[in-house]
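Please model the entire structure based on the sequences and the hints provided.
Per our numbering, residue 1 is the first one in the sequence shown, and the count goes up by one each step.
FYI, nobody ran anything at the bench for these hints, they're computed from the structure.
When the alpha-carbon atoms are kept at most 30 Å apart in a straight line, the in silico DSBU-like pairs for lysine-lysine are as follows:
hint, residue 1, residue 2
1, Lys26, Lys209
2, Lys209, Lys82
3, Lys56, Lys121
4, Lys56, Lys209
5, Lys123, Lys56
6, Lys116, Lys95
7, Lys139, Lys95
8, Lys123, Lys209
9, Lys179, Lys139
10, Lys209, Lys121
11, Lys121, Lys39
12, Lys175, Lys139
13, Lys26, Lys123
14, Lys98, Lys4
15, Lys130, Lys95
16, Lys82, Lys123
17, Lys4, Lys107
18, Lys39, Lys107
19, Lys116, Lys58
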Amino acid sequence: FLPKLDLLSLEELDHVCSTFINLGVKKLRITGGEPLVRKNIMQFMSSISRHLRTGKLKELTLTTNGSQLERFAEQLYEIGIKRLNISLDTLDASKFKKITRWGDLEKVLNGIYLAKEVGLKIKINVVALKHTNDDELDKFVSWCGSEGFDLTFIEVMPMGELNEGDRLDQYWSLKSLRKDLETRWTLNDLALQTGGPARYVEVQETGGKIGFITPLSHNFCESCNRGRLTCTG
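If you want it as structure tokens, here you go:
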């Protein structure tokens, strides 16, 4: 919602990302808001994917809410993207509409299934929200396990620009969430280190992988190797 003049142009984004890549960055993730609603975004994605072909960039990924995947999944795969992070906090259509203020869950799910079909590997990111999706843990574990999707739970973070009272009321420690899961599922710790903030377990019953990102209950800044660039530079 910022004035267009405040945003980096796609050409500026390409220049900055290319500079990072030339300095040795090997993985690039495009995030948002929702990056796929930006005008000419595929032109940018296609351009930056040239670094995959030279071998300078090892991985180009995208974090999306899934709303545009029916339209873009095939193109994303064709330019060299191998996996997507998809933000999805509920599998209930009415809750989805309430959380997103616009949402059509069926459209998002159709996009996710299409992305899987064209060959993209999927990771589902779920923000743990007390009194909102705490009754859907098993549904997410079962669904992701059966579809072959990785799953990551993320602690809600109070944000200054939003109504903090609401966010704090929804805060749910992932330590508590994991304890809840362990009453019904066998979770085996994995020694997987991505250099990012998540700690991983394998679900014995499904063979699926779950990550836990805990910015509040377990601060991970000292071990994180990520740099983040905002849309204003």
